[in-house]
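Put together the whole structure using the sequences plus the hints.
As they're listed, the protein sequences go chains A and B. Under my numbering, read the first sequence as residues 98 to 167, first letter to last. Under my numbering, read the second sequence as residues 3 to 685, first letter to last.
These are calculated hints, taken from the structure and not from any lab test. Any given hint could turn out to be false.
To be verified - Capping the alpha-carbon separation at 27 Å, the derived lysine-lysine pairs in DSS-like fashion look like this:
(1) 519(B) x 508(B)
(2) 121(A) x 427(B)
(3) 131(A) x 260(B)
(4) 50(B) x 79(B)
(5) 252(B) x 121(A)
(6) 427(B) x 117(A)
(7) 220(B) x 134(A)
(8) 131(A) x 252(B)
(9) 134(A) x 256(B)
(10) 131(A) x 171(B)
(11) 167(B) x 252(B)
(12) 117(A) x 508(B)
What follows is the residue order along each chain.
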Amino acid sequence: MALTMVAPGETRVFREYRGKEETKRHLQNLGLVKGGKVTVVGENHSGIILQIKDTKIAINYGIASLIMVD
Amino acid sequence: MSHIIALAGNPNCGKTTLFNELTGSKQHVGNWPGVTVDKKEGIYRNNKNITILDLPGTYSLSPYSAEEIIARDYIVKEKPDAVINIVDGTSIERNLYLTLQIAETRIPMVVAVNMMDEVESRGDRIDCSKLSQELGVPVIPIVARSGKGIHELMEAAITVAKDHKVGKKLPVYDDQIITAMEDISEYLKDKQMEDREWKALKLIEGDEIITESLTNEKNAVEEIIKKLQESEGEDLEAKIADLRYHYIGKLVKKAVKKAKLGHVETKSDKLDKILTNRFLALPIFAIVMYILFACTFSENFLFIDGLPSPGVWLAGLVEDGWAALSAALENFLVSAGASDWIQSLVISGIMDGIGAVAGFLPLVLVLFLLLSFLEDSGYMARIAFVMDRIFRRFGLSGRSFIPLLMGFGCSVPALMASRTLENDKDRKITMMITPFMSCGAKLPIYAMFAVTLFVNQNKTWIVFSIYMLGLVVAVISALILNKFLFKDESSNFIMELPQYRIPTLKSVMIHAWEKIKGFAIKAGTIIFASTVLIWFLSNFNFTGMVDMEESFLAYIGNAIKFIFAPLGFADWRASVGVVTGWIAKENIVATFGQLFAGIDDETMIEAISAGEQALPQITSVFNGVTAYAYMAFNLLCMPCFAAVGAIRREMGSMKWTLRAVAFQMITAYIVALLINVIGNLIF
Numbered sequence: 098m099a100l101t102m103v104a105p106g107e108t109r110v111f112r113e114y115r116g117k118e119e120t121k122r123h124l125q126n127l128g129l130v131k132g133g134k135v136t137v138v139g140e141n142h143s144g145i146i147l148q149i150k151d152t153k154i155a156i157n158y159g160i161a162s163l164i165m166v167d
Numbered sequence: 003m004s005h006i007i008a009l010a011g012n013p014n015c016g017k018t019t020l021f022n023e024l025t026g027s028k029q030h031v032g033n034w035p036g037v038t039v040d041k042k043e044g045i046y047r048n049n050k051n052i053t054i055l056d057l058p059g060t061y062s063l064s065p066y067s068a069e070e071i072i073a074r075d076y077i078v079k080e081k082p083d084a085v086i087n088i089v090d091g092t093s094i095e096r097n098l099y100l101t102l103q104i105a106e107t108r109i110p111m112v113v114a115v116n117m118m119d120e121v122e123s124r125g126d127r128i129d130c131s132k133l134s135q136e137l138g139v140p141v142i143p144i145v146a147r148s149g150k151g152i153h154e155l156m157e158a159a160i161t162v163a164k165d166h167k168v169g170k171k172l173p174v175y176d177d178q179i180i181t182a183m184e185d186i187s188e189y190l191k192d193k194q195m196e197d198r199e200w201k202a203l204k205l206i207e208g209d210e211i212i213t214e215s216l217t218n219e220k221n222a223v224e225e226i227i228k229k230l231q232e233s234e235g236e237d238l239e240a241k242i243a244d245l246r247y248h249y250i251g252k253l254v255k256k257a258v259k260k261a262k263l264g265h266v267e268t269k270s271d272k273l274d275k276i277l278t279n280r281f282l283a284l285p286i287f288a289i290v291m292y293i294l295f296a297c298t299f300s301e302n303f304l305f306i307d308g309l310p311s312p313g314v315w316l317a318g319l320v321e322d323g324w325a326a327l328s329a330a331l332e333n334f335l336v337s338a339g340a341s342d343w344i345q346s347l348v349i350s351g352i353m354d355g356i357g358a359v360a361g362f363l364p365l366v367l368v369l370f371l372l373l374s375f376l377e378d379s380g381y382m383a384r385i386a387f388v389m390d391r392i393f394r395r396f397g398l399s400g401r402s403f404i405p406l407l408m409g410f411g412c413s414v415p416a417l418m419a420s421r422t423l424e425n426d427k428d429r430k431i432t433m434m435i436t437p438f439m440s441c442g443a444k445l446p447i448y449a450m451f452a453v454t455l456f457v458n459q460n461k462t463w464i465v466f467s468i469y470m471l472g473l474v475v476a477v478i479s480a481l482i483l484n485k486f487l488f489k490d491e492s493s494n495f496i497m498e499l500p501q502y503r504i505p506t507l508k509s510v511m512i513h514a515w516e517k518i519k520g521f522a523i524k525a526g527t528i529i530f531a532s533t534v535l536i537w538f539l540s541n542f543n544f545t546g547m548v549d550m551e552e553s554f555l556a557y558i559g560n561a562i563k564f565i566f567a568p569l570g571f572a573d574w575r576a577s578v579g580v581v582t583g584w585i586a587k588e589n590i591v592a593t594f595g596q597l598f599a600g601i602d603d604e605t606m607i608e609a610i611s612a613g614e615q616a617l618p619q620i621t622s623v624f625n626g627v628t629a630y631a632y633m634a635f636n637l638l639c640m641p642c643f644a645a646v647g648a649i650r651r652e653m654g655s656m657k658w659t660l661r662a663v664a665f666q667m668i669t670a671y672i673v674a675l676l677i678n679v680i681g682n683l684i685f
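Laid out in structure tokens, this is it:
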């Protein structure tokens, strides 16, 4: 399912990114790799905040809807 | 022997703090060619043979953003004698991803694990000697903010630079990838290329720049990559990223001991629950912005009538001091019997020219003290996130809010604040539209016209509508520039939210000082030269020194006034006003006073500027519609020379400065034309 469906506080496993190559690459550089854990730690009108490894990353809903997790 | 040591690391890893610690005040800030990305160089303060170069912060060496391309081209092509890779100890896994990529370039490297104090205060432990043993390069624990470990770090860096000592090859990739790398490398050998293995790996990753540089061997190389792709059965780039993170995972397991397993809520997390909260984020942001604006520009600070803000107070001090100095100099020149034109050159030309530069410095200082506080504390990244949704619609970044808001005070510090934008395109667009905000100096023009030409109940609306006009034109311009000039359709927002930290006074001061120095030198030249030029044009003609009515400027005004005919003000005095407005927009009032009514009494001009006194003589040229067109033209056309100087300094390119000015002139012309045409149809 898409990351937008995940409630704050939950941790999921990253499957794939269904958007542009360039964005996928950027997310990869920030530590989002297949099989890795993603935790949703916050959300607001702009988008959601993720915890990936030991880093906090903010993304907008457009991107979140393309991130598929288990 | 002299050495160059480059600093590389992720954004927010403390690179700039380390750079400041290492170089002190001996630094030079410029731009990398063609982009508005800072290029900082400095001399190591304990050894003047060592040059330190601060590379832009990047997450990887893939060639997809200006920062990444700069960092990797510098490392691979310029080959510094050593690279210090700064790693944020509090998010070591993500940071080591770049470390592996730098190691792959086979450049002599030292790893500095920063923020060790925070790591320890969490009860975590990082075993640097273990990391060093695994990576085959020196790994030094440091605290950049306090300078701890920096001496050892530099010793290690100088040693690897002298010995050209590179790390060992790391067991990151599987046999298939390694074989493919060797095969590709064989093909590259024929061309006697440098860094063949690194290039081979980059080709496997699908690196566009290096793939394009291939010639004869292209087919053979593509064949190898295709085979590898088939046997690996997945996207090779993702595979390589995966293998790197896999290796880092093992490395971290060996060398890092966490006090608590899993994610622990830190102070930063708690703060974020409030500052990025769905309901609280925008109100808090509004308050922070109000404080920022009030401290810099407010005349009624803390809502106390007549109490100047620190920025206004300092600006007043500088202005008064300068005026006193000018007066003293004038007295001296008079008593020394200097001729009229020398007096005028020194006082109205040179002193006013330098004064124009100096008067802006306090505003720049105060705003940048506050902005670097926001930046260093980590709140700036949250601003970008919180404002993103609103600004994205106009093709701008959430951070564009700060320059645009400051533009209502003064374009000069506002333009310089555009440096806080991450993206080159956003930065350029923001700089082009920031002068469309009605700055404080434009208000006297509106006051003069409103009082003279509009009936009482309409005055406020006229002034308010012209403020709104600036905003609307800025938004439309941003949309147009995005679509046609930059052809950008990305709607992505991805940003790291760094830990909140209390900024050190030192780093805040250094940042503000850099800004002031940059402005005084780079922008100062333009401002000074243009002020003196306009002084000359408005005080001389072929016969020598004359009044403005007979000056070169009047000739020019007469020669160019036809340009303004379609806008409704084909008058030489109106044209001269546009030109003197480029020195400072409020000059238009004094110019009109002098040219239309022969007023050169300063208190009279001040009364007109404040809207207390009308200037009825201008009704011979202007009616309501053409006055509105004239206000709009001066609002939107080229800003004052000080602002142009700031654009020049921030764009880092004369070409882009001229583009920005041309864009503003054309926009002003079109908008004023529309107002005149439509206004005459209605009224």
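Verification of the hints:
1. 519(B) x 508(B): With a Cα-Cα distance of about 16 Å, the restraint between residue 519(B) and residue 508(B) holds, given a limit of 27 Å.
2. 121(A) x 427(B): holds (21 Å)
3. 131(A) x 260(B): holds (24 Å)
4. 50(B) x 79(B): holds (24 Å)
5. 252(B) x 121(A): holds (24 Å)
6. 427(B) x 117(A): holds (19 Å)
7. 220(B) x 134(A): violated (38 Å)
8. 131(A) x 252(B): holds (16 Å)
9. 134(A) x 256(B): Answer holds: residue 134(A) to residue 256(B) is near 20 Å, not above 27 Å.
10. 131(A) x 171(B): The hint holds at about 25 Å.
11. 167(B) x 252(B): holds (25 Å)
12. 117(A) x 508(B): Violated: residue 117(A) and residue 508(B) sit about 42 Å apart, past 27 Å.
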